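Chain A is fixed; fit chain B onto it per the hints.
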Amino acid sequence: MIQMENITKVYPMGKQELVVLKGINLDIKQGELVAIMGPSGSGKSTVLNLVGCLDKPTSGNYYLEGKEVSRLSSTELAEVRAQKIGFVFQQFNLLPRVSALANVEMGMRYAGGIDHDKALEALKRVGLSDRVNHRPTEMSGGEQQRVAIARALVKNPPLILADEPTGNLDSRSGKEVISILTSLHAEQGITLVMITHDANIAKYCQRTIYIRDGQVVSEETYEQE
Amino acid sequence: MNKNNWKKWLDPLSTAWVGIVSHKLRSFLTMLGIVIGVGAVITLMSVGKGSTAQILSNIQSMGANLVTIRGGASTFGGVRGAMGGSNTLTMEDAEAIAQQVSNIFAVAPSSSSNLQLVANDENTNSQVTGVTTDYPSVNNLKVASGSFFSDEEYQRGANVVVLGSTVAETLFGETSPVGQKMRMGSMIVTVIGVLESKGGMMNSSDDAVFIPLTTLHQAVAQTRTAQGETVVSSISLTVTEENKADQVKEEITSLLRTRHRLGASADDDFNIQSMSDIVKTLSEASGTMTLLLGAIAGISLLVGGIGVMNIMLVSVLERTREIGIRKALGAKERDIWSQFLIEAAFLTLAGGIIGIIGGWGVSWLIDKMGVVSTVITSDIVILAVSVSVAIGLFFGFYPAWNASRLNPIEALRSE
Numbered sequence: 028m029i030q031m032e033n034i035t036k037v038y039p040m041g042k043q044e045l046v047v048l049k050g051i052n053l054d055i056k057q058g059e060l061v062a063i064m065g066p067s068g069s070g071k072s073t074v075l076n077l078v079g080c081l082d083k084p085t086s087g088n089y090y091l092e093g094k095e096v097s098r099l100s101s102t103e104l105a106e107v108r109a110q111k112i113g114f115v116f117q118q119f120n121l122l123p124r125v126s127a128l129a130n131v132e133m134g135m136r137y138a139g140g141i142d143h144d145k146a147l148e149a150l151k152r153v154g155l156s157d158r159v160n161h162r163p164t165e166m167s168g169g170e171q172q173r174v175a176i177a178r179a180l181v182k183n184p185p186l187i188l189a190d191e192p193t194g195n196l197d198s199r200s201g202k203e204v205i206s207i208l209t210s211l212h213a214e215q216g217i218t219l220v221m222i223t224h225d226a227n228i229a230k231y232c233q234r235t236i237y238i239r240d241g242q243v244v245s246e247e248t249y250e251q252e
Numbered sequence: 006m007n008k009n010n011w012k013k014w015l016d017p018l019s020t021a022w023v024g025i026v027s028h029k030l031r032s033f034l035t036m037l038g039i040v041i042g043v044g045a046v047i048t049l050m051s052v053g054k055g056s057t058a059q060i061l062s063n064i065q066s067m068g069a070n071l072v073t074i075r076g077g078a079s080t081f082g083g084v085r086g087a088m089g090g091s092n093t094l095t096m097e098d099a100e101a102i103a104q105q106v107s108n109i110f111a112v113a114p115s116s117s118s119n120l121q122l123v124a125n126d127e128n129t130n131s132q133v134t135g136v137t138t139d140y141p142s143v144n145n146l147k148v149a150s151g152s153f154f155s156d157e158e159y160q161r162g163a164n165v166v167v168l169g170s171t172v173a174e175t176l177f178g179e180t181s182p183v184g185q186k187m188r189m190g191s192m193i194v195t196v197i198g199v200l201e202s203k204g205g206m207m208n209s210s211d212d213a214v215f216i217p218l219t220t221l222h223q224a225v226a227q228t229r230t231a232q233g234e235t236v237v238s239s240i241s242l243t244v245t246e247e248n249k250a251d252q253v254k255e256e257i258t259s260l261l262r263t264r265h266r267l268g269a270s271a272d273d274d275f276n277i278q279s280m281s282d283i284v285k286t287l288s289e290a291s292g293t294m295t296l297l298l299g300a301i302a303g304i305s306l307l308v309g310g311i312g313v314m315n316i317m318l319v320s321v322l323e324r325t326r327e328i329g330i331r332k333a334l335g336a337k338e339r340d341i342w343s344q345f346l347i348e349a350a351f352l353t354l355a356g357g358i359i360g361i362i363g364g365w366g367v368s369w370l371i372d373k374m375g376v377v378s379t380v381i382t383s384d385i386v387i388l389a390v391s392v393s394v395a396i397g398l399f400f401g402f403y404p405a406w407n408a409s410r411l412n413p414i415e416a417l418r419s420e
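So the sequences go chain by chain: A and B.
Our numbering numbers the first residue of the first sequence as 28 and each following residue consecutively.
Our numbering numbers the first residue of the second sequence as 6 and each following residue consecutively.
One chain only, chain B, in its complex shape:
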């Protein structure tokens, strides 16, 4: 009895296997479409996933717990002025936040101004950011040589500057900038530190120039609000834990609304963005890209599937007499269609597995060549295999059904 059950499964499988190996070239060509389709899905999805991971790790290096407040209206809803375009944030706001909002580490107000930088015979125009001593810890910046300015230097508004790595290289080339003097607008400042390179995209700290906020306020005419508070362009701060970001944002919002005397119906005149918001936006965008790449590859998989159907139809036609023989020997319709269906599913499964290995190889190569980093996750593999088998079953069904409905007498008569 047991042996019979076992045979019940094995016999159709071996019949399908014989069908496959007795037509090697045809089986190979059938598989090829699926191999290419699955390979393309694996490769493109791994590229998509890889670049997503790369973007996310770049952002993480900027500090995952970072929350940034900028003056100006929220960008949501309607057309409004550019972020930071209005002077609504002040030093006093920053102090109030530091004192009254819980779950935060450090608060770093900053203001920036575009100034001409001249060192020796090199010059560049750069955005000079006035910051407090907390700024490097909040923004996850590290000093490569020299040091960041001290509290004492901050207090007296010393003429010292810390350069981003790119700016340092532009101005001083190979020579070490630490200790050298340079001109910044109308001031003469001393370089006391160079930041570690972090790479990354726009607004990279590599292009930044930092001076004490107090120094900036002396150098450039400072703006004051109607209440006489000193305007800053942004306030950045660190939350103690990433999942506290939303709570912190709420607290800051209500604090600032009170301080700015905004009525219940007025829009915020500032904009708070946590790093997790940015991560969310970017990963949504790159998720869409991955999906798009997957869809393109999916089309080639679909074409492969149609190829399977085409060849299975030919195969049924070519094996009409075989079907007749099998029917004469007592094969039921179920026996016939299951034979062809198993054959189609087997071909697409094998094609899928070969495609995964091939796609894996190609994405490994892409990664090694340094074009983009690639990541293969188990869900991509599972998806590709199940889709390829599903394609085999779907596109194999019609030919198999056709075969099972053949009249045995006519089938036996065919050449």
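Isolated chain A (complex conformation):
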């Protein structure tokens, strides 16, 4: 599903260069549930951005479903994001002025078109059938994050990326969100990659990848069940 070979990322900072990734190799299989952990500044968010085709690596190869995507144009990358990838952010990133339903529908907007019924179904899937017409400002953090998950899954992407999905939530809501994400993985076979700094949450995953100073330092595989 995801194959990264010797990926580097360098940001120009005035005259100096900031080397964020120093050669990342990743191999994530279809249907895997993977956690990425590491201290802040380690480059884990940059890895997730590259995996999510929001950015291009400075060098190295990235194969998504066997297709090299690291050299695509920004329009082609947008198409890849639209068709293949659902995002869940720490900050939820919902549009504050429109309803939960409209936020979910926006997830389909660039991936073939809005389907009202599918949006309702996705909200049902995250247990928010009764909150369809509420705006994000009228919802709790946990509910907002569930709307964001519905927005990510509504287009049936093969890959969902979550950047600290529980980072802004209390532990109870965090658990709910994680259980929704893991059940998506278990029931629909969606590949799920999430960044977390919480070892308890990483435990739900099949594999944890540790990143430090722009490099993968270790991997741990758990036997589930």
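To be clear, the hints were calculated from the coordinates, so they are not data collected in a lab.
Fair warning: this is a prediction, and the values are worked out from it, not measured in the lab.
Positions of the beta carbon are idealized from the N, C-alpha and C atoms, including for glycine.
The reader is advised that the hints may include incorrect statements.
Per the computed footprint, the stretches of chain A lying under chain B, defined by three or more beta-carbons under 8 Å from a beta-carbon of chain B, are [stated by the list, open to error]:
id : region
1  : 79–86
2  : 97–105
3  : 122–132
One side only, chain B facing chain A, incomplete, derived with CB under 7 Å [stated by the list, open to error]:
id : residue
4  : Val23
5  : Ile330
6  : Ala333
7  : Gly335
8  : Ala336
9  : Lys337
10 : Pro413
11 : Ile414
Quick list of simulated restraints, FRET-style, between CB atoms [said to hold, decoys possible]:
id : chain 1 : residue 1 : chain 2 : residue 2 : range
12 : B       : Asp384    : A       : Gly41     : 52 to 62 Å
13 : A       : Thr85     : B       : Ile311    : 33 to 43 Å
14 : A       : Glu103    : B       : Asp384    : 41 to 51 Å
15 : A       : Gly154    : B       : Ile414    : 25 to 35 Å
Only chain B this time, still in chain A's reference frame:
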């Protein structure tokens, strides 16, 4: 498949619509500039068009088929004497025209002289015009009371006078002038008719005093040319059809040049003007005025357009995170700029429509208050709407393009 095509158009529209209604005050203020601009264009253009139409209808009432010949050189080219300043036209010219030029109805030579008019204890100085019996039909004049003088009265040079409505009121006030006697220079004349008021501008027939040309020639020393012909100051005539005016003018020119024995290189010693020439000149002038008014209003429309750009730029800045979210969800650059462009075009279109309604209302009010008459034509409306949408697209383009080029990661990080 069909449903998808339909969605392709509807989704961007609904996205833009959500953008507009979720920022109501801002959208309203953006529109306001366009509303005022378009409203001003509609109002001012309608005033311009209305006054043009008014001028034209005034001229039409003077007789659209009228052709006037005056003595003296043409006003075109170089500095020459005033029109009518030289005594080159004669009674005999008028007779020759009546006999030899085709497509004309009636020929009315006239001559005028300033004379003191005295009636009872009122007096005024007026230009007294000696005319033939054809004059009223040629110049589209109607008698309100009494009658114009007859052929018989003309032949014997009777001491009769027909007054313009203003002159009649000045001299006789409320009382009916018909049948009363008055002094004109050294003559005593009887008023036999009063003309209908026609309104209008300078040289209105309301201020005119008409007597038979024969009478004028008796009262004032008549001028004769070297050939012994009686001089008249102008000859007016009616062409049978308006579009024959140019042909008639050519025929008269060659006839008069022959009669006046002008060499091939000599300038005309007369000047022919048809009503359509005057209409053309005046409508050019008022067209320029309309354009000027439109340009002033156009400036306010331009300012409105810059307002749209300003607010769209702010809007892009304010919605940076939204743009980031949309990009993360797979929006392409085209999706982003089309969203903002549709939004700008929609705002300016709506502003344009409201502006048209408002401008329409204001110009209706101006018309009702009787300041000037106003006319709204479909071309003004079409112009205003298309210009307002074009402004939306033009001034919306830069902000929209800016938005589409944002880096999704940075956009998502913004507050």
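Hints, one by one, checked against the model:
1. 79–86: As far as the region 79–86 of chain A goes, the hint holds, because 3 residues have Cβ atoms under 8 Å from chain B.
2. 97–105: n = 3 at 8 Å, threshold three: holds.
3. 122–132: holds (count 4)
4. Val23: Nearest chain A Cβ about 6 Å off; hint holds.
5. Ile330: It holds, given that the least Cβ distance between B:Ile330 and chain A is near 5 Å, below 7 Å.
6. Ala333: holds, 5 Å
7. Gly335: OK, holds: B:Gly335 within 7 Å of chain A, min 2 Å.
8. Ala336: Given a least distance of 5 Å, the restraint on B:Ala336 holds.
9. Lys337: holds, 4 Å
10. Pro413: holds, 5 Å
11. Ile414: holds, 5 Å
12. B:Asp384 to A:Gly41: 52 to 62 Å: Roughly 58 Å apart at Cβ, these two residues keep to the hinted range, so it holds.
13. A:Thr85 to B:Ile311: 33 to 43 Å: holds, 41 Å
14. A:Glu103 to B:Asp384: 41 to 51 Å: Hint holds: Cβ distance 46 Å, inside 41 to 51 Å.
15. A:Gly154 to B:Ile414: 25 to 35 Å: Because 31 Å falls inside the window, the suggested range holds.
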